[in-house]
Amino acid sequence: MISKPHKAKQFLVLLIKLLIVGGAFYFIYTQLANNDKLDWTKFQKLVLEKQSFANITFILFLTFLNRFLEILKWQNLVEVIRKIKLGEASKQVLGALTAGLFTPNGIGEYAGKALFFEKAQAKKIVFLNLICNGIQMILTIVFGIFGLLYFNAHFDVITTKTVGILFGILTLLVTVLFFTKKINIKGYSFEKLIHKINEIPKCIHQKNILLAIGRYLVFSHQYYFLFLIFDVEMPYFLLMATIASVYFLASSLPTFQFLDFAVKGSVAVYFFGLLGVNEWIVVFISTLMWFLNVVIPVVIGSYFVLNFKAQWKS
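So for the sequence shown, UniProt numbering puts the first residue at 1; every next one is plus one.
If you're looking for bench data, these hints aren't it; they were derived computationally from the structure.
Derived pair list, reagent style DSSO-like, types lysine-lysine, alpha-carbon separation capped at 30 Å:
#1 Lys83 with Lys202
#2 Lys207 with Lys119
#3 Lys207 with Lys124
#4 Lys196 with Lys207
#5 Lys123 with Lys196
#6 Lys192 with Lys123
#7 Lys83 with Lys207
Quick caveat: nothing in here was measured; it's all calculated off a predicted structure.
Model the full assembly from the supplied sequences, consistent with the hints where possible.
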């Protein structure tokens with residue numbers, strides 16, 4: 001016979017699942033329905049009249065490839081603990097993405113992935129997820145800085161003096177980290193972090209970096225091809241530099257996953273406005289990128305959340 005405390009716990013878990021999934025769908029609906037800048041008539045006319053089935057299929061393929069590479073990244077990193085199948089990795093990535101939808105910068109994703117493993121492994125899972133997301137952020141910064149420099153060379157958005165100051169600050173931060181790497185704060189130090197990173201086999205790091213580069217290129221080129229589909233024509237490197245700049249600056253701002261398109265859209269409107277691109281096209285492309293790369297995975301992840309069984313034992 002099932003005890004009352006156990007029944008209460010089951011009900012609480014079910015309620016939390018329903019709140020996560022219900023909240024996800026609610027926020028998705030409100031962001032799409034209440035955005036005054038989205039002219040659905042223009043969008044429908046452009047897509048239905050000018051675009052081919054091949055274009056739509058290709059964009060959807062890039063959506064799949066973007067998330068698939070993220071799943072492969074996670075499957076590769078988790079090998080440090082135990083090997084998991086592709087289906088299990090998909091469940092963990094998509095379920096955690098849904099759970100992290102309402103948290104700043106997707107922090108809830110860390111806890112979401114940890115729940116799929118034993119409680120004793122929670123810290124290691126959080127660390128591996130930090131490595132997983134960290135390499136993606138590093139690539140965003142590197143490509144973004146080069147993109148900003150290229151864009152700035154054409155439009156002089158910031159002065160050469162400002163660029164020098166920014167690089168000076170970055171150099172100072174790196175120097176400070178190097179000379180203070182042995183300083184401990186509550187048992188943690190930069191040196192210990194480097195040591196823990198080095199404990200992961202080099203082959204796993206190398207594969208993680210290659211998959212992260214692949215994912216960045218897929219994501220940025222999906223953005224690029226959407227602009228082509230919407231009849232925006234400009235030099236390849238200038239368009240890619242603008243995309244890299246927007247993605248870098250938008251990713252640097254604290255936000256929530258469900259507001260991601262609004263933040264990226266606001267930054268994109270400014271940068272692409274300098275290129276003479278219509279505001280509504282920029283807003284639509286930013287919204288489409290959010291819909292394709294966040295909404296669709298969250299909808300699939302909702303299924304895994306509803307069927308989730310925690311590995312943690314009370």
